[in-house]
Amino acid sequence: MAITNFIPTVWSENLYQELDKKYIGVANCNRDYEGEIREKGNTVRICGIGEVVVSEYTKNANMNSPATLSDTARDLTIDQAKYFNFQIDDIDRAQSSPKLMELAMKNAASALANDADRYIYGLYGQAGTSIKCDGVNAENIVDLIIDARTKLFTNNVSDPEDIVIEVTPEVAGLIMKAKVNLSTDNTELMETGCIGAIGGCKIFVSNNVRKMEGDTGYEHKCLARTKRAIAFAEQLSEIDAYRPELRFADAVKGLHLYGAKVVYPNEMVLLDLNVLDA
Numbered sequence: 001m002a003i004t005n006f007i008p009t010v011w012s013e014n015l016y017q018e019l020d021k022k023y024i025g026v027a028n029c030n031r032d033y034e035g036e037i038r039e040k041g042n043t044v045r046i047c048g049i050g051e052v053v054v055s056e057y058t059k060n061a062n063m064n065s066p067a068t069l070s071d072t073a074r075d076l077t078i079d080q081a082k083y084f085n086f087q088i089d090d091i092d093r094a095q096s097s098p099k100l101m102e103l104a105m106k107n108a109a110s111a112l113a114n115d116a117d118r119y120i121y122g123l124y125g126q127a128g129t130s131i132k133c134d135g136v137n138a139e140n141i142v143d144l145i146i147d148a149r150t151k152l153f154t155n156n157v158s159d160p161e162d163i164v165i166e167v168t169p170e171v172a173g174l175i176m177k178a179k180v181n182l183s184t185d186n187t188e189l190m191e192t193g194c195i196g197a198i199g200g201c202k203i204f205v206s207n208n209v210r211k212m213e214g215d216t217g218y219e220h221k222c223l224a225r226t227k228r229a230i231a232f233a234e235q236l237s238e239i240d241a242y243r244p245e246l247r248f249a250d251a252v253k254g255l256h257l258y259g260a261k262v263v264y265p266n267e268m269v270l271l272d273l274n275v276l277d278a
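Just so you know, we're using my numbering here: the sequence shown kicks off at 1 and counts up by one.
Derived from the structure by calculation, the hints contain no laboratory data. Don't be surprised by glycine CBs; every beta carbon is placed ideally from N, CA and C. Mixed in with the good hints there might be a few duds.
[As the list claims (entries may be wrong)] In silico SDA-like pairs for lysine to any residue, Cα to Cα no more than 20 Å straight-line:
no.	residue 1	residue 2
1	261	119
2	177	159
3	227	118
4	227	54
5	227	107
6	177	215
7	132	215
8	106	20
9	21	137
10	177	227
11	106	255
12	106	215
13	22	12
14	21	140
15	227	159
16	227	146
17	151	200
[Stated by the list, open to error] Restraint ranges, calculated between C-beta atoms of paired labels, are given here:
no.	residue 1	residue 2	range
18	242	140	50 to 58 Å
19	249	177	18 to 26 Å
20	43	142	35 to 43 Å
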C-alpha cells in the first residue's frame with residue numbers, strides 16, 4: 001500500500017478508540033457538547049437543563065401549567081493543542097503489517113491520553129469543597145473518602161454510582177492496606193483503572209492525579225466528583241501521513257485539540273492528602 005493510500009479517517013477513528021481505552025480522568029467527565037472544533041480558541045457549548053419542580057397532586061383538580069425548563073448551557077473554550085509526530089522506516093510495510101502501525105497508534109494514544117488526564121486533574125483548585133489531612137494512613141483513608149462522599153450528598157448528589165474517587169497510586173495502596181472490600185466483577189472497569197468501590201463510589205487510580213512535594217511528605221490532590229462536574233470536549237483535527245524531506249522514511253503526525261471546564265464545582269471535592277514518606 002502506497003503512502004498516497006493512507007486513509008486519515010480510518011486512522012483517526014482508530015486513534016479515538018485507543019484514546020477512549022486509555023482515558024481515566026477524561027472518561028469520568030461530561031463529554032456532551034454542541035459545536036465544531038477546528039482550531040485552538042474555538043468555543044463549544046456544554047448543554048444542561050434546570051431543576052424540575054415537583055408539586056402536590058390533588059384529585060379532580062387541574063395541574064399547574066407546565067414549567068419552562070431553564071437552559072444551563074455554558075461555553076467551553078478549546079485552549080489546548082497537542083501534537084504527535086513519528087516516523088517509521090517504511091510506512092508501506094507498516095500498513096501491510098497492522099501490528100506495527102497499531103502499536104504506534106496505541107503509543108500515540110497513550111501519550112495523548114496521559115497529557116489530557118493531567119490537564120483534567122490540574123483543575124483540582126476549582127473544587128467547591130476541600131478536605132485536608134496532614135497524616136493520611138491506612139487507618140483513616142476510608143473515613144476521608146466517606147467524608148467526601150457525605151459532602152457530595154449534602155450538595156444534593158443522590159446517586160453514589162455517579163460519584164468517582166480518583167487517587168494516586170500511593171493513596172490507592174493505603175486503601176488496599178485498609179482491607180476494605182473493594183471487590184468488583186467488572187473486568188472492563190478494572191482495566192480502566194478502577195480498583196473497586198467504597199460506599200457505592202468507584203475508586204480510580206491514576207499516576208496523573210497531581211502530587212506535590214511538601215515539607216513533611218507529598219501532597220496528593222485526589223478528587224471525589226460526579227461525572228458531570230467537569231465537562232470535556234476534544235477533536236483530532238489532523239491526521240496526516242507524509243515523507244520527511246531529509247529522511248528515507250515515512251511519517252505520521254496528528255493534532256489533538258481539547259478543553260475542559262468545571263461546570264458544577266459543588267459536585268467536586270478536593271481530597272488534599274499529605275502522605276508521609278510516600
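How the hints compare with the structure:
1. Distance hint between residue 261 and residue 119 is fulfilled; the C-alpha atoms sit about 11 Å from each other, no more than 20 Å.
2. For a cut-off of 20 Å, the pair hint linking residue 177 to residue 159 is broken: about 27 Å separates their Cα positions.
3. Our distance criterion of 20 Å between C-alpha atoms is met by residue 227 and residue 118, whose separation comes to about 17 Å.
4. For the hint linking residue 227 to residue 54, the alpha-carbon distance of about 24 Å lies beyond 20 Å, and the restraint is violated.
5. Restraint check for residue 227 and residue 107: not satisfied, since their Cα atoms lie roughly 27 Å apart, outside the 20 Å limit.
6. For the hint pairing residue 177 with residue 215, the CA-to-CA distance comes to about 25 Å; that exceeds 20 Å, so the pair is violated.
7. A hinted pair counts as satisfied when its Cα atoms are at most 20 Å apart, and residue 132 with residue 215 qualifies at roughly 15 Å.
8. A hinted pair counts as satisfied when its Cα atoms are at most 20 Å apart, and residue 106 with residue 20 qualifies at roughly 11 Å.
9. Between residue 21 and residue 137 the CA atoms are separated by roughly 31 Å; this puts the pair beyond 20 Å, and the hint is violated.
10. At most 20 Å may separate the alpha-carbon atoms for a hinted pair to count; residue 177 and residue 227 exceed this at roughly 27 Å.
11. Restraint check: the Cα-Cα separation between residue 106 and residue 255 comes to about 15 Å, which is no more than 20 Å; the hinted pair holds.
12. Between the alpha carbons of residue 106 and residue 215 the distance comes to roughly 38 Å, so the proposed pair goes past 20 Å and is violated.
13. With a C-alpha separation of about 15 Å, the suggested pairing of residue 22 with residue 12 holds against the 20 Å cut-off.
14. Between residue 21 and residue 140 the alpha-carbon distance is near 32 Å, which puts this suggested pair outside the 20 Å criterion.
15. In summary, the hint linking residue 227 to residue 159 is supported, as the alpha carbons are separated by about 11 Å, within the 20 Å threshold.
16. For the hint linking residue 227 to residue 146, the alpha-carbon distance of about 18 Å falls within 20 Å, and the restraint holds.
17. Under the criterion of a C-alpha separation no larger than 20 Å, the hint pairing residue 151 with residue 200 is consistent with the structure, at around 15 Å.
18. Taking 50 to 58 Å as the suggested C-beta distance range, the pair residue 242 and residue 140 conforms, at roughly 55 Å.
19. Distance hint check for residue 249 and residue 177: the Cβ-Cβ separation is about 49 Å, which falls outside the suggested range of 18 to 26 Å.
20. Against the hinted window of 35 to 43 Å, the Cβ-Cβ separation of residue 43 and residue 142 comes to about 41 Å, which satisfies the hint.
Hints 2, 4, 5, 6, 9, 10, 12, 14 and 19 from the earlier list are contradicted by this structure; the remaining hints agree with it.
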